[in-house]
Structures are given as C-alpha cells and as structure tokens.
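Engineer: Protein chains in written order, with this note's numbering: chain C, 81 to 194; chain L, 81 to 194; chain R, 81 to 194; chain D, 81 to 194; chain W, 81 to 194.
Heads up, a few of these hints could be off.
[Stated by the list, open to error] Interface residues of chain L toward chain C, partial, derived using beta-carbon atoms under 10 Å:
id	residue
1	THR89
2	THR93
3	LEU102
4	ASP111
5	LEU114
6	SER126
7	SER129
8	VAL131
9	SER142
10	ARG144
11	ASN164
12	THR168
13	ALA171
14	TYR177
Hints in this document: simulated from the structure, not taken from any laboratory. Ideal Cβ positions, reconstructed from N, Cα and C, are used throughout, including at glycine.
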Amino acid sequence: MQLGRVIGTVWATRKDERLEGLRLLIVQDVDLQLRPKASFTIAVDSVQSGVGELVLVTKGSSARQTRVTKDRPVDAVIMASVDNLEFTDPALLEQAYRARLAQVESGLDGYVEP
Amino acid sequence: MQLGRVIGTVWATRKDERLEGLRLLIVQDVDLQLRPKASFTIAVDSVQSGVGELVLVTKGSSARQTRVTKDRPVDAVIMASVDNLEFTDPALLEQAYRARLAQVESGLDGYVEP
Amino acid sequence: MQLGRVIGTVWATRKDERLEGLRLLIVQDVDLQLRPKASFTIAVDSVQSGVGELVLVTKGSSARQTRVTKDRPVDAVIMASVDNLEFTDPALLEQAYRARLAQVESGLDGYVEP
Amino acid sequence: MQLGRVIGTVWATRKDERLEGLRLLIVQDVDLQLRPKASFTIAVDSVQSGVGELVLVTKGSSARQTRVTKDRPVDAVIMASVDNLEFTDPALLEQAYRARLAQVESGLDGYVEP
Amino acid sequence: MQLGRVIGTVWATRKDERLEGLRLLIVQDVDLQLRPKASFTIAVDSVQSGVGELVLVTKGSSARQTRVTKDRPVDAVIMASVDNLEFTDPALLEQAYRARLAQVESGLDGYVEP
Numbered sequence: 081m082q083l084g085r086v087i088g089t090v091w092a093t094r095k096d097e098r099l100e101g102l103r104l105l106i107v108q109d110v111d112l113q114l115r116p117k118a119s120f121t122i123a124v125d126s127v128q129s130g131v132g133e134l135v136l137v138t139k140g141s142s143a144r145q146t147r148v149t150k151d152r153p154v155d156a157v158i159m160a161s162v163d164n165l166e167f168t169d170p171a172l173l174e175q176a177y178r179a180r181l182a183q184v185e186s187g188l189d190g191y192v193e194p
Numbered sequence: 081m082q083l084g085r086v087i088g089t090v091w092a093t094r095k096d097e098r099l100e101g102l103r104l105l106i107v108q109d110v111d112l113q114l115r116p117k118a119s120f121t122i123a124v125d126s127v128q129s130g131v132g133e134l135v136l137v138t139k140g141s142s143a144r145q146t147r148v149t150k151d152r153p154v155d156a157v158i159m160a161s162v163d164n165l166e167f168t169d170p171a172l173l174e175q176a177y178r179a180r181l182a183q184v185e186s187g188l189d190g191y192v193e194p
Numbered sequence: 081m082q083l084g085r086v087i088g089t090v091w092a093t094r095k096d097e098r099l100e101g102l103r104l105l106i107v108q109d110v111d112l113q114l115r116p117k118a119s120f121t122i123a124v125d126s127v128q129s130g131v132g133e134l135v136l137v138t139k140g141s142s143a144r145q146t147r148v149t150k151d152r153p154v155d156a157v158i159m160a161s162v163d164n165l166e167f168t169d170p171a172l173l174e175q176a177y178r179a180r181l182a183q184v185e186s187g188l189d190g191y192v193e194p
Numbered sequence: 081m082q083l084g085r086v087i088g089t090v091w092a093t094r095k096d097e098r099l100e101g102l103r104l105l106i107v108q109d110v111d112l113q114l115r116p117k118a119s120f121t122i123a124v125d126s127v128q129s130g131v132g133e134l135v136l137v138t139k140g141s142s143a144r145q146t147r148v149t150k151d152r153p154v155d156a157v158i159m160a161s162v163d164n165l166e167f168t169d170p171a172l173l174e175q176a177y178r179a180r181l182a183q184v185e186s187g188l189d190g191y192v193e194p
Numbered sequence: 081m082q083l084g085r086v087i088g089t090v091w092a093t094r095k096d097e098r099l100e101g102l103r104l105l106i107v108q109d110v111d112l113q114l115r116p117k118a119s120f121t122i123a124v125d126s127v128q129s130g131v132g133e134l135v136l137v138t139k140g141s142s143a144r145q146t147r148v149t150k151d152r153p154v155d156a157v158i159m160a161s162v163d164n165l166e167f168t169d170p171a172l173l174e175q176a177y178r179a180r181l182a183q184v185e186s187g188l189d190g191y192v193e194p
C-alpha cells in the first residue's frame, strides 16, 4: 500500500455508470517524513477522508475489495486513515544488522552447546 | 486512476476479435496543473471522449469492469470525463499539519477534561 | 495499452507446458513519433505480427484475455497491429484549453439566456 | 515478460505455508545485449533453472498460472529458459519504416493496377 | 517478489472493516547488498515479522493469496522472512557466458560426433 495525503477532489459528471456515488479524491504521494513527492493518484474514498488527511491507498485489483468499490472500474482506493507512523532509520538498522553479522562471523557470540 | 488528456486515435484493422468495435484513444498523462507529462497510454474509450478532453484512466484488471471492456484484452479504459479539479497546494497542507503537530506537542491546544 | 515495434524473437525450448505453441516476440517500446525508447517487453503474439511492425501490447491479467493466451503464464500480449496514429500536439491542446478557460472566466463568451 | 539472468538463491525457512517446496531465485534484469541492469526480482522457479541461465520471468497474477505456483502468494515466476534471442537494431527498423513511408508519400512506389 | 527490511509500523484506527486485525508494516526496499533504497511499501504481515528483519514482499493480486489477506483490500504482503541470500556477481556471470559463447563460435569446444 502507498502512503499519501488527500489534497483535493475530482469532479466528473459524465462517467461509467458503476462510478455513480463514489467520491474521487486526489492523493499526493508522501515519503516517510511526510513530505510531498512528485507523484499523485486519483483514488476512490472508502473511509470518509478529508482534505489534509494522511491515508493509505491500495492499488490494482485489490482496490476492488472494499464494499464501495466491488466490481467497479476502480484501480485505487483509500482504505485507511493513518493515525501515526513509527519507524527506525533504515541506515541504523543496517548498521545493527552488519554488527550482529560481524559478531557471528568472528565467533564472539559466546555460543554454548545446548 | 490517472489524469490525462485525449490527444488522438489509434487505427488498427488487424486485431484480436474481442477488440472489434472499441475506440482506441491516445491519452497523454498530465500533472495537476494540466501540463503534459512525457508518458502516454493507449486506452479504450467508454464515455464518448473527444480530442482535447480531460479524462480519468483506470488501468490493470479494473479496466475490464466497464460494460464495453468486460472480458476483453484491455488494460486501460477511459471511464470518466473530468469537469473540474479542486485541490490545495501540498506544501501548504504539510505546513498546516506540522503546525497542528507542534501545537499538540507543546501542550498549547487548551485541552479540557470533558 | 502500450505502443511498440516488433524487433525480434525469443527461442525457448525448455518452458512451462502451457507456453507450447506460442510465439514469443521482442517488442521495443516507441514514443508517439515512433522513435525507439530504452525499454522493451517479451510478448506473446496473437495477431501474426512480423518484424518491423507497429503493434499494441496489453499487459497484466488482461494479457490472458485473448484466445491464444487464456489461462497461460503470460503477462504481455500483442493484440493489435497498428495501421496509423492520428494526434494533436499536447502543447497546442493545452493552449487551446487555457484560451477557452480564460474566455469563460472573463465573461467574453457571449452567454445568452436560453 | 522480462528477460533476466539467474544469479542466486534466497533461503527462507519461516514463510507462508503455500510457499513450501518452491525454489526462490534471484533474477537480475538484463538488456537485449544481455548486460545486467540495476533492477532484480525474486522469482519462483518452474523450469529447473540454474545459476547463470538466461530466463523469462512472468509477473503479476499471470505468475500464478503455472502448475507449481497456482493459488500461491507469488508475483513472479521463471516460466522459460532462453536458448537464443534474434533481433534487428530498432534504429535500422525505424529507418526502413521511414523510407517506406517517404516512398509511399512521394508516389514513387510504382503502383500498378492488379 | 521484492526484498526489503521491516523498519516500522503504521497505526490506523479508521479503516475498511476487512483490514481489522491486520498488522501494517513499513518495509524499506533494499538492494542485493542489503543497502536501503529510496522506495518503501506498506505491507500486511503474514509471518510475524519484527523490526530490522529481512523479508520478501509479494504485490498485486497475489498479495491476497495468504490465509490472512484473502479477499481483503491489500496489495502487498510479507510472506517470507529471509534467512540468507547467496548469489554471484552478475558481471562475472556475464563474462563466463561470453567466454562460453566465444568458444562455441570459434569451434574450439572439441565437438565429437556421438
């Protein structure tokens, strides 16, 4: 799924009949620091999202697996409103991983026969 | 879904039998300022689009969920004609979001027990 | 769908049994001026394409919707041979669009009560 | 489908039960000159591929259409071993195409009533 | 499938009902040297992954083929925890391939009638 921020709405009167009643929102992709990226998606809303909200977007055939999008010509749906993100800097995790690996390889991990 | 502008037509006489009767349009991707991007798609038309029109394109298996594209070898369909876009500058939304966050964190939001 | 030019063939003797009898062609992506792009696809042929021919390629699950590719492990199919492309320069269409918009906004479009 | 070269193996003990018994290979994408590209894919093997082998990879839902991958959480499968590629330089094909076009347009193609 | 490292969690209270009970993890894409790439995915966990762990992510409709993700609006799932990677430098494999090819072409491979 992709992380994004709702920034607006698309208005479309003439459309496929199976799109009737669906809200079409403009979602700007954001990075983990929540800064806007260059790319955006038009997604159907399934969780009553508002402008400014952080959301998750599901794409492809899975976008048709919500109650509001079933069997409709929709390839992107907002299926969650994000409360919070919690993560560790990937570079730190990489360092910790390499340190553990070096320890294992140098035989310093005090392995004792069970 | 992706935002695009119809710029032309593809003519193809020899084709899979399930494509008979479908209009194949050339859709240039556009950004939110409606400026043409470098990429384009050939999409089947399901809403009688004309050259110059702003449209939404659905891709992948969802492109087969309109009446005209069902069970056909089609991976892109124009399923809406866009009347209007309404959106806020992502940078402004980011600023507002960070301001609210700072306010919450500094305890200045005048929280009162209900 | 994507626009491409057939440039060659892939020979593969050892393969999944459901690929037996299918022609695997190399399709170079081309832009609207028909100049080769950097990317290419290996696609199954469903319309007797020859080297040098301009074609349309359908990708993803929709690539399994032709008679020859049904239920096969195929994610790209040539489903049309292109006779001709007809299109307007996107920059011109954008100018015309902005001109109409400006006219509407300045009230110069001579609106008359019906 | 994508052209790649098998360069190694992924070992994974803890995994979804439907992945039991499948070989997970690392496939480096290659260009038509068979030079390694920057991107790679982890794909399930369905044709007994070995390291160093040139292969075709099918992605998406079509990757579930081989006997070994049916109904499994797999989005990439090696479904053919490549014996040989045969292709013409796209730039040459473009030149030939433009030459034919120019000939047709200047009426020099010696059209004779049948 | 794509190789990644779990770096954190997304918290989302308001969401599609079919997402209830699923853990949403942030997975940073990594290269074969396990260095973090710029891109990341939000994926549902199906193998009890922890932060720092190397994992495989399946995308698209295949992401719905695990027990926990069936029929849910999910386009990315962690379906394996990676123990180890084993691979050869693609440039070395390319050299070996070209050497074999040259040998075959110069008739030096000592072919003997069976």
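Engineer: Now look at each hint and say whether the structure bears it out.
Structural biologist: Now the hints, each set against the structure:
no.	hint	in the structure
1	THR89	violated (19 Å)
2	THR93	violated (27 Å)
3	LEU102	violated (14 Å)
4	ASP111	holds (8 Å)
5	LEU114	violated (12 Å)
6	SER126	holds (6 Å)
7	SER129	holds (9 Å)
8	VAL131	violated (16 Å)
9	SER142	holds (4 Å)
10	ARG144	holds (8 Å)
11	ASN164	holds (4 Å)
12	THR168	holds (5 Å)
13	ALA171	holds (7 Å)
14	TYR177	holds (6 Å)
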